[in-house]
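Student: Let the hints inform the model, and build the full structure from the sequences given.
Protein chains in written order, with the numbering used here: chain A, 5 to 893; chain B, 2 to 117.
Hints in this document: simulated from the structure, not taken from any laboratory. Among these hints, one or two may not hold up.
[Unchecked claim] Below 35 Å or equal to it, Euclidean Cα-Cα: the simulated DSBU-like pairs (lysine-lysine) are: (1) A:46 <-> B:41; (2) A:659 <-> B:41; (3) A:234 <-> A:289; (4) A:234 <-> A:548; (5) A:66 <-> B:92; (6) A:548 <-> A:596; (7) A:548 <-> A:251; (8) B:92 <-> B:41; (9) A:234 <-> A:251.
Keep in mind it's a predicted model, so treat the numbers as computed, not measured.
One letter stands for each residue in the lines below.
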Amino acid sequence: MLRDLRFRLRALFRRSAVERELADELQFHLEQSIAAHVAAGKPRAEAERLARVELGGVEVVKEDCRQARGTRPIEDLATDVRYGLRVLRRAPVFTAVAVITLALGIGINTAMFSLVDASLRQPLPYDAPDELVRLHGHHPQFERGSISFPNFLDWQRGNHTFAAMAISRDGAFTLTGSGAAERVTAALVSSDYFVVLGTAPLLGRAFARGEAEPGGPANVVVGERLWKGKLGGRADVVGRSIVLDGKGYTVIGVMPAGPDLHVIAGGAAPDVYMPIGQIDPDALKRRGAGLGMHGIGRLAPGVTIEQARADIGGVTQRLAQQYPETNRSMGATIDPLREAVFGNTRPYVLLLFAAVALVLLIACVNVANLVLARSAGRSREIAIRLALGASTGRIVRQLLTESVLLGLMGGALGLFVAWWCSDTLFALLPHGLAHVGALRLDGGLLAFTAAISILAGLIAGLTPALRSRRADLHDTLKEGGRGPSTTRYRAQSTFVVCQLAMTFVLLAGAAAVVRTVVHLATDDPGYDRAGVITFGLSLSPALKHAPADRIRAELRRIETALAASPQTSAMSLAGEVPIEADDQVQLVIDGKPPPPNRPSAQRFIVGPGYAVTMHLRLVHGRFFSDHDDEHAPPVVVIDDEFAREHFGGEDPIGKHIRTDDDGFDKPVEVIGVVAHTKQWGLDRDDTSPVRAQLYQPFWQLPDDAMAGAPDGIAVLVRARGDVAAAIATERELIPALGPEDVMFNVRTADEIIAGYQGARRFSMYVLVAFAALALLLSCIGVYGVLAYIVAQRTTEIGIRIALGARASDILRLVLRQGGRLLLLGLVLGLAGALAAGPYAGALVYGVSPTDPLTLAMVGLAVSLLALAAIVMPARRAMRMDPMQALRTD
Amino acid sequence: MKGETANRKLDLPQGTLDLLILRTLSLGEQHGWAISERIKQVSRDELQIQQGSLYPALHRLERQGWIAATWRASENNRQAKYYRLTAAGRKQLEADAHEWYRLVAAVELVLAGTKR
Numbered sequence: 005m006l007r008d009l010r011f012r013l014r015a016l017f018r019r020s021a022v023e024r025e026l027a028d029e030l031q032f033h034l035e036q037s038i039a040a041h042v043a044a045g046k047p048r049a050e051a052e053r054l055a056r057v058e059l060g061g062v063e064v065v066k067e068d069c070r071q072a073r074g075t076r077p078i079e080d081l082a083t084d085v086r087y088g089l090r091v092l093r094r095a096p097v098f099t100a101v102a103v104i105t106l107a108l109g110i111g112i113n114t115a116m117f118s119l120v121d122a123s124l125r126q127p128l129p130y131d132a133p134d135e136l137v138r139l140h141g142h143h144p145q146f147e148r149g150s151i152s153f154p155n156f157l158d159w160q161r162g163n164h165t166f167a168a169m170a171i172s173r174d175g176a177f178t179l180t181g182s183g184a185a186e187r188v189t190a191a192l193v194s195s196d197y198f199v200v201l202g203t204a205p206l207l208g209r210a211f212a213r214g215e216a217e218p219g220g221p222a223n224v225v226v227g228e229r230l231w232k233g234k235l236g237g238r239a240d241v242v243g244r245s246i247v248l249d250g251k252g253y254t255v256i257g258v259m260p261a262g263p264d265l266h267v268i269a270g271g272a273a274p275d276v277y278m279p280i281g282q283i284d285p286d287a288l289k290r291r292g293a294g295l296g297m298h299g300i301g302r303l304a305p306g307v308t309i310e311q312a313r314a315d316i317g318g319v320t321q322r323l324a325q326q327y328p329e330t331n332r333s334m335g336a337t338i339d340p341l342r343e344a345v346f347g348n349t350r351p352y353v354l355l356l357f358a359a360v361a362l363v364l365l366i367a368c369v370n371v372a373n374l375v376l377a378r379s380a381g382r383s384r385e386i387a388i389r390l391a392l393g394a395s396t397g398r399i400v401r402q403l404l405t406e407s408v409l410l411g412l413m414g415g416a417l418g419l420f421v422a423w424w425c426s427d428t429l430f431a432l433l434p435h436g437l438a439h440v441g442a443l444r445l446d447g448g449l450l451a452f453t454a455a456i457s458i459l460a461g462l463i464a465g466l467t468p469a470l471r472s473r474r475a476d477l478h479d480t481l482k483e484g485g486r487g488p489s490t491t492r493y494r495a496q497s498t499f500v501v502c503q504l505a506m507t508f509v510l511l512a513g514a515a516a517v518v519r520t521v522v523h524l525a526t527d528d529p530g531y532d533r534a535g536v537i538t539f540g541l542s543l544s545p546a547l548k549h550a551p552a553d554r555i556r557a558e559l560r561r562i563e564t565a566l567a568a569s570p571q572t573s574a575m576s577l578a579g580e581v582p583i584e585a586d587d588q589v590q591l592v593i594d595g596k597p598p599p600p601n602r603p604s605a606q607r608f609i610v611g612p613g614y615a616v617t618m619h620l621r622l623v624h625g626r627f628f629s630d631h632d633d634e635h636a637p638p639v640v641v642i643d644d645e646f647a648r649e650h651f652g653g654e655d656p657i658g659k660h661i662r663t664d665d666d667g668f669d670k671p672v673e674v675i676g677v678v679a680h681t682k683q684w685g686l687d688r689d690d691t692s693p694v695r696a697q698l699y700q701p702f703w704q705l706p707d708d709a710m711a712g713a714p715d716g717i718a719v720l721v722r723a724r725g726d727v728a729a730a731i732a733t734e735r736e737l738i739p740a741l742g743p744e745d746v747m748f749n750v751r752t753a754d755e756i757i758a759g760y761q762g763a764r765r766f767s768m769y770v771l772v773a774f775a776a777l778a779l780l781l782s783c784i785g786v787y788g789v790l791a792y793i794v795a796q797r798t799t800e801i802g803i804r805i806a807l808g809a810r811a812s813d814i815l816r817l818v819l820r821q822g823g824r825l826l827l828l829g830l831v832l833g834l835a836g837a838l839a840a841g842p843y844a845g846a847l848v849y850g851v852s853p854t855d856p857l858t859l860a861m862v863g864l865a866v867s868l869l870a871l872a873a874i875v876m877p878a879r880r881a882m883r884m885d886p887m888q889a890l891r892t893d
Numbered sequence: 002m003k004g005e006t007a008n009r010k011l012d013l014p015q016g017t018l019d020l021l022i023l024r025t026l027s028l029g030e031q032h033g034w035a036i037s038e039r040i041k042q043v044s045r046d047e048l049q050i051q052q053g054s055l056y057p058a059l060h061r062l063e064r065q066g067w068i069a070a071t072w073r074a075s076e077n078n079r080q081a082k083y084y085r086l087t088a089a090g091r092k093q094l095e096a097d098a099h100e101w102y103r104l105v106a107a108v109e110l111v112l113a114g115t116k117r
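Tutor: Structure follows, in structure tokens:
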């Protein structure tokens, strides 16, 4: 067996030596044979002839020997490849066009594959990542809600399926004492947080067991970014003290940014990991508290997620019996970490993957057309080879080898295309769409590229290759190499029709997404966000426990200074940035019987300048003024939605409402009605269960609420002139007002809304790019086929012209041929678009994916470009010189 | 072909060429031409070997490891490819020869039986 293999390998790799030996051996035989015949008295010439006849054809014997060596299939392949390469080299333009076309199609598929790969296959950067799960509290309204700290401790103690479990919550602190005051992001974590993830610190250590519980030491772990930036990246940071919100903490370690959960989910790693026990103990102790805390766990080895769900389910049931007041309807939701990270991304990525696959198909069809056009020119060569005894199977294999070679070359070049466009692709990926690293050139990616390259080659070559079997030897040779053409037209025409149809579908999809984005960008949200800057503001930690009046005084000082800036056109303080706020309040309307379900409203706490800053439309009454302060009677402004919902036809001005803020104690007067604003990234407003809106004056915040203001409020500024210049001025102004006042999270209102639209915008860019590419490829396809048909009919057209046909007749001839294809393509494409419409789902909002106007525009676009592609060869046909044309044969 | 009209020689039954080659080589190292001459001689010119089929057979046997080849000078000082039997080839020869005798004996039995 081994010997056999060695023999075959030698036959394969020392091919020329083996061939030489074979020739020598047979030559020796002939010499001996001739000598024998001469010795028997034959003349020399006769002896030579007899020797050859007895051997029976040197080449045939050689071929039989090669066969006997058992390397035939591989040698055939090698011959086919060599021959194929020669053929392709002889037609450089054809080869270049085909390879580039395939490279584009394969390249974008490879790039897209790297995205899909990241979300489906690549392991998360942790030890045994499949053991990691996300834990949430299951509340009646939220499937993935907060877990209170006492509940977490009971889950941790009561389970039998977890190796470790931790809880975390996002927060922010003001860092002082290390240069200029700065707002830093924080993750408040329980002791085992890093144990669960298995992440090792860059420096120092992580929290020890029990260290992060309430009453633990004031230690923090800092993130890589803060360490490298503000803390100078020095190794002696461990043991140093930093001041957060006015309190000193000892740095015990530095954590790398890469494996942080926030980073994996497409965000930024926190600057500081703070023990969760440092949270205000009163809040932490409450079993019913919703502090935005979510869990992460590592399953014990061999435990399935179902077992873990059942186990924690048992724990929550016991807790429900033990603490019915808070836990009666509280369960647990457990998701694999991979699901939690990539669950939202996947539908977008898969949809786009379907789109690129379509582009590749179009590219393949183009190349198939090219090959088909060329195989017409080669029919003579093929006929001759068939006549010389090549089997049709052999010819088919030869042609397929050629197109697979094209595919592989396209794939090789496609890797570069992928490299180039994956950078763009990843750069376009919106914040919050999770992704792992950049394009990774690993085995999976290469295997995928190789597989689609070969597949693309086969798809492109199959029809032309199979067609060659039907070549009629006699006719082909007689026809002088032009080839019988009508059936070829049919195959190529079918291809072009399919291409046009697929392009139509892609374009229709892209158009629907573009229209969605445009719709959302231009749809009137009830406010004008252009030129509005938002940022967070926290005051010196020294004010943390100061009396409310001192805080008000400080905020007024800042407000006055900001409003006085020449770059400020209008401004307002606010509890949160209203366009992304999620604050609801329950209501009682005075003088109305209370409805069975207590009504709610979205609530915004804003300053008197808010209406001007956001260009709110005042419908009725007035907005807040400077006089609506803490000394004046409490007032509110409502939106027209609120007015309609609760006051019907009545005039709401002067009416009174109560809120659950003070237990529905004090009546508050309605002084004005403004137009409804679309909340939450526009597309969610219509479906929001709570649509009524309520504005309360910032300065009328009760003292206890005002006491929380130093921790962070929002500021909205309408810039006068350049937004960037206004931001720069504010960045200088705020620290000048108070060295420990910090401005953070500076964004324009546009950026906030764009963030909500990120995934959709990303899909739009990519889909539009793909659709444009598809359109281009299809037009090249249409052009190629018609140019080919015109070339094939040169003689016929020449005769027509010679017989007196006018240029317009010739034009009509070509247009009719092309127009028919176009029309068929449009009809099929329309059918495809109508069928695919329902799958556009999440990407489309406010527009119909099968809107007639859109489809008409798409049809028009396809028609115009396709007609341009038809007219070019038609014009050439028109200008044909009949003498020249008739001489081509 | 020359010999065919004057003196019709026996066609080789399928598969027996290998046996003949192995047997011939069991007597000593030979090149292709000598093998064909030798078979002709020993069979008293009764067996006609298609020279064209000899070489593919040699290459196949070499691949199977039953014979091995070396290049060296021939009696008239010309480089030639010499084949010799390997140990595996010797075993194969024994097995094939045994098969052959069984076949011949069986065929003879049948022929003798039908004669009676």
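Student: Work down the list of hints and note, for each, if the structure agrees.
Tutor: Against the structure, the hints come out as follows:
Proposed proximity of residue 46 of chain A and residue 41 of chain B is supported: the alpha carbons are some 20 Å apart, at most 35 Å. Restraint check: the Cα-Cα separation between residue 659 of chain A and residue 41 of chain B comes to about 127 Å, which exceeds 35 Å; the hinted pair is violated. Distance check on the hinted pair: residue 234 of chain A and residue 289 of chain A sit about 34 Å apart at the alpha-carbon level, within 35 Å; holds. Taking the CA atoms of residue 234 of chain A and residue 548 of chain A, the gap is near 24 Å; set against the 35 Å cutoff, the hint holds.
A threshold of 35 Å between alpha carbons decides the hint, and for residue 66 of chain A with residue 92 of chain B the separation of about 29 Å falls inside it, so the pair holds. For the hint linking residue 548 of chain A to residue 596 of chain A, the alpha-carbon distance of about 41 Å lies beyond 35 Å, and the restraint is violated. With a C-alpha separation of about 11 Å, the suggested pair residue 548 of chain A and residue 251 of chain A falls inside the 35 Å cut-off, and the hint holds. Proposed proximity of residue 92 of chain B and residue 41 of chain B is supported: the alpha carbons are some 24 Å apart, at most 35 Å.
Taking the CA atoms of residue 234 of chain A and residue 251 of chain A, the gap is near 18 Å; set against the 35 Å cutoff, the hint holds.
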